[in-house]
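Based on these hints, arrange chain S on the given structure of chain B.
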Amino acid sequence: MSEETPRLVDSFTAPKEVLQEFAELAEEEDVDPFAETASKRQIAARQSDYHNKRFNRVANESGDAFKDGDDSGYKEAMRLQMLEKEEQRVKRLIEDKEKQDKEEGKENMDLDRTPPRAEIQAAAQELAAAAGSRRKRRWDVGDEDEKMEDIKTDSKEWSDQALESSAPKKRRSRWDATPADVSAGPGETPKRSRWDQTPAAQPDAPPIPIIMNAPGIMSEDKHNRYLTDEELDAILPSQGYSIVTPPPGYAPLVAPRSLTATPISTSLGGFEIKESSDAAAVAAAAGLAPELPTEIPGVGNLAFFKPEDAQYFAKILKEEDETELSVDEMKERKIMRLLLKIKNGTPPVRKTALRQITDKAREFGAGPLFDKILPLLMERTLEDQERHLLVKVIDRVLYKLDDLVRPYVHKILVVIEPLLIDEDYYARVEGREIISNLSKAAGLAHMISTMRPDIDHADEYVRNTTARAFSVVASALGIPSLLPFLKAVCRSKKSWQARHTGIRIVQQIAIMMGCAVLPHLRNLVDCVAHGLQDEQQKVRTMTALALAALAEAAAPYGIESFDNVLKPLWLGIRLHRGKGLAAFLKAIGFIIPLMDPEYASYYTKEVTVILIREFQTSDEEMKKIVLKVVKQCAATEGVTPHYIKQDILPDFFKAFWVRRMALDRRNYKQVVETTVELAQKAGVSEIVGRVVNDLKDEAEPYRKMVMETITKVIASLGASDIDERLEVRLVDGIIYSFQEQTTEDQVMLDGFGTVVNALGIRVKPYLTQIVSTILWRLNNKSAKVRQQAADLTTRLAIVIKQCGEDQLLSKLGLVLFEQLGEEYPDTLGSIIAAEGAIANVVGMTQMNPPVKDLLPRMTPILRNRHEKVQEASINLIGRIADRGAEMVPAREWMRICFELLDLLKAHKKAIRRAAVNSFGYIAKSLGPQDVLQVLLTNLRVQERQSRVCSTVAIAIVAETCGPFTCIPAILNEYRTAELNVRTGCLKALSFVFEYVGPQSAYYVDSVVTMLEDALTDRDLVHRQTASTIVKHLALGVAGLGCEDSMLHLMNLVWPNCFETSPHVIGAVMDAIESMRVTLGPGVLLSYVMQGLFHPARKVREVYWRIYNSLYLGAADALVPFYPDVGELSEGQNVYDRYALQVFI
Amino acid sequence: MSSELRYTANTQLEHLHARYTGTGHADLTKYEWLTHQHRDTLASIVGHPTLNSYLAIAENESIGRIKFEMTERMLQPCGPPPPKDED
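Going down the list, the protein sequences come from chains B and S.
Just so you know, we're using numbering that gives the first Met the number 0 here: the first sequence kicks off at 0 and counts up by one.
Just so you know, we're using numbering that gives the first Met the number 0 here: the second sequence kicks off at 0 and counts up by one.
Please keep in mind that the hints were generated in silico from the structure rather than gathered at the bench.
The reader is advised that the hints may include incorrect statements.
What the hints assert, rightly or not - Straight line, CA to CA, 27 Å or less: simulated DSS-like cross-link-like pairs of lysine-lysine:
(1) B:Lys350 / B:Lys314
(2) B:Lys1097 / S:Lys29
(3) B:Lys695 / B:Lys644
(4) S:Lys83 / B:Lys1097
(5) B:Lys537 / B:Lys486
(6) B:Lys923 / B:Lys908
In this text, all values refer to a predicted model and were calculated from it rather than measured experimentally.
Isolated chain S, as found in the complex:
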């Protein structure tokens, strides 16, 4: 593989990365990154039945309710986006 080809292969890979939600870039803000982290956390809880039942026991709720709440919370898990700077 010529160096150029390899290079383009890499850039293509980066295009691919950009298509996945949750991947970041050099200009990502704190808010955006943390929002992704929160969503991943919530998704992870919904996806692991053991975590789900753990939380259900701790909060004294039904498993379905926990699932529902976690899913609901994925919408703006860290609150609305902060106002952009003027500059």
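Chain B extracted, bound-state conformation:
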């Protein structure tokens, strides 16, 4: 807008800043608003660091222990594991040293400065020495390697390295080993870790190892790929810098442009090189191509395609000449296509692909399959659905491969074990399933030898998941088979980690198998028992936890198995503090409930001293455990009320009934639960008497905690134990805390209702006060308060009536009546419900306001769309229609009828049911004609639900007023030409006959002609519904002498048995089955026999189906009806049933 243009009134525009904002928005347009949620869907993104440790695991091939000549598997794995431990130890040493250095002021790690070369080398050498021969360099270009080795040996700095190189086979650093050596040396291990991958996949090379830390390599995207030359030019200033030419002899391993994979962690210091040279796929992998394909040659349409998928499936993204590929390559492509279909395809595509991959699993072989599947599972951007599908593939493939999976057991475990600690229940179940199948396929010996190295792994994460996996193996192959191994592990002298894991396995077995541990309980307990005296604190703690789990699983049996551990446990609680003590207490808490009463009492007394001491603890975990143990002890039979009152309660209340406990949700719950449990022993008045004064505490959360406890105690034990003085204090406290609440809470409402209902007639003296509170709150400004007051009225109505305070009730009724203009639907619903409760207890005749005034007021409210209002009003109206219909004029009822039709569309089933029932009540008081007319007319409306409900209502009217009132009207309505109406009539009839049962015998003849018409109609639904009618009719009149008309109907139903539509055939089969009941199986057998050996298979199939259901229904009764086929006898086969030809 320029200055000089005159401003016209009608041509104003938006303010500048708004336009600016839009412009900025437009610029940001390619920001994906769903990006954030997409990352939420990714499993890795929402999991904790601990869960994501799985990406750090390295898997090795597990040698097949059962294969000849390949016994290196277990030994090798153990060696690797030792090395890894050693490496960790050295790393820790280095870290410690650095830290120490820093503290001493020797600031070596200046970030601006490169650290002295010598230092890095020293560290590197130390590492390399530790890593030993396991590490092999990843640069596999042979000649370069030699060159580098030459340089190293020449230079003085590498002198010690040079010494080593004189004995290269013994200790070699990972930097200077050529992969060629690996394959050459027969003594060398065939194992390959991620360090020695060959960048280029030659088809004839040994199988490519699966990269378990795939994210390091796979998760590159446009944000962390290498910068191109153009980008560098753009970033760096053009003056003052020059591009240095590479030193002579430097040949880049690959052109930087074709670099697709870049490890995130630069500490690895190397490149991963993709074998693919296809530009499009590479670009897609690097996130350069914005358009992601959803249509892939040979795969077809996919549901979605993620940028990350491109790198896994690069090979099949481009068109290739298939004739040039070798068999193995073809196989690989085939597997990739199937996997892509399964992972990203639409359900039907996925289904067929899954079937194909399962069928061909043995043909593909374990190696190629798992080489493709497992890296996908380790992808960081994996989502739940994809993981589920891939896991399913593994599961299916496992079945087929059976013992062929052996070399891949460890790799599979590394991928699947993390599922066992997933927070998603179904993921855990899936993981268990796979591991259990795996152990069945591979066998116990192989599983043990594969997982043994991980048992004392340096990383706690690995040990944790391994323990869980072992427990799955135990449940799959049986505890007894694993017991000897468990015993050995739990007694391991070599490392405490092994003992720790062994005991943890026992714990996991108990948690997973539950009471199934009972037969082996003694063995398991003996397995872990000595761990209580272990010198390692962690082992002792874990042992106690394992015992707790075992006792919990075994409850209430098996105390005799724990005999050996009782003494150390009870001694242990005097020796331990902190975490250890918590675990011991937990074990004790679970063992005490198993004991005989007298022992339980003795041992409880022993532990109580410690418990009371720990009441003071500030540790949250300890607090929870102490509360739990107190609860468990209090629940045992042997602990006397006297003991609880005397020894536990005083300290318990001092320590836990403080305001602070109400603030934390978990503590709150625990304290309430424990107190309720104590009340079971100590009695209501003891507990309530102690806390009742706190109902007037100034902290609201604390009052709530008190209220909840009182509610639960009184709800379970009643109020008869409460004496007069306590009663006064209790009611006073409740009224106080109810009035003082600032947030309207269900707890207060429930508490009030429970206490008053429990006190019953004793509450009479306080009623005036309570009701005036309610009345006052009913007029409160806040809708929530009004709603709560109305809800309270609903709960108190019965008690007020019991106390004979009808005056108060009618007063409340009037006030509520005046409140019916309420505008907040939730509150209105509560008010109507309260009015309904009052009407319920006083009865329709005594109701104040009188019913004839109340009902007209309800009619407009019925139009309210809120569910709560609808439900409350329909209940009230139904009640009035049921009990006091005559007090309201018929015109009003008709008006309500019309309003009720709308309620038939309600979403909530309870509302529809109440509405349908109300029709019945109204029809009963008014006579059916008018109501029926309304309902029949309603069959013409569009909504199906409304029509269906009308038919149900018609049937109910028929039931309450007698079928003779309705059936003529329905038959008359059936003559309407409209299809919907006719179907509705049929439906209504089917419900009618369903409801009236044997009464239908009187009406069979009157409906036969209509059924003839319906059963011969062209319309499928007609015949279906008619068949349903026939079914109900046949079942209703069984044995009442209507066989003639039933046979007639049967002849009409029978031809429909060739229908294929599922609903229709279901209804027809049902009708035929009920004919068996009415006509007897013999008649049906003669029908069926016509087609059992029909030349057309389609006919035979249907007839055999009918025969089968006939046979299952009445096998014995068919015996006399089987035809005499003696003349069919031939040769050895005599078909005469001689036993039936005998006569006296």
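Quick look at chain S alone, frame taken from chain B:
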């Protein structure tokens, strides 16, 4: 219930049928069907005491003997299975 569900419910029912001895299918042979009929007949006689005693009187045998014989006869009541056709 969706049509698909209903459909699967039906197929499940058929699975169930297949589990019961005595039910048949479109390819059942005469011999198989009649064998089932005979077994059902014999089982019915054993199961109904009145039929049992009727036969006992007619054959002048003890009730226990009749029961035993009926039970014995349930093994291949119509003789050995006929040889299968070559095609």
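Here is what the structure says about each hint:
This hinted pair checks out: Lys350 of chain B and Lys314 of chain B have alpha carbons roughly 23 Å apart, not beyond 27 Å. For the hint linking Lys1097 of chain B to Lys29 of chain S, the alpha-carbon distance of about 18 Å falls within 27 Å, and the restraint holds. The straight-line distance between the Cα atoms of Lys695 of chain B and Lys644 of chain B is roughly 24 Å, inside the 27 Å bound, and the hint therefore holds. Between Lys83 of chain S and Lys1097 of chain B, the direct Cα distance comes to roughly 24 Å. Compliance with the 27 Å bound is thereby established for this hinted pair.
For the suggested pair Lys537 of chain B and Lys486 of chain B, the alpha carbons sit about 18 Å apart, so the restraint of at most 27 Å is met. For the suggested pair Lys923 of chain B and Lys908 of chain B, the alpha carbons sit about 23 Å apart, so the restraint of at most 27 Å is met.
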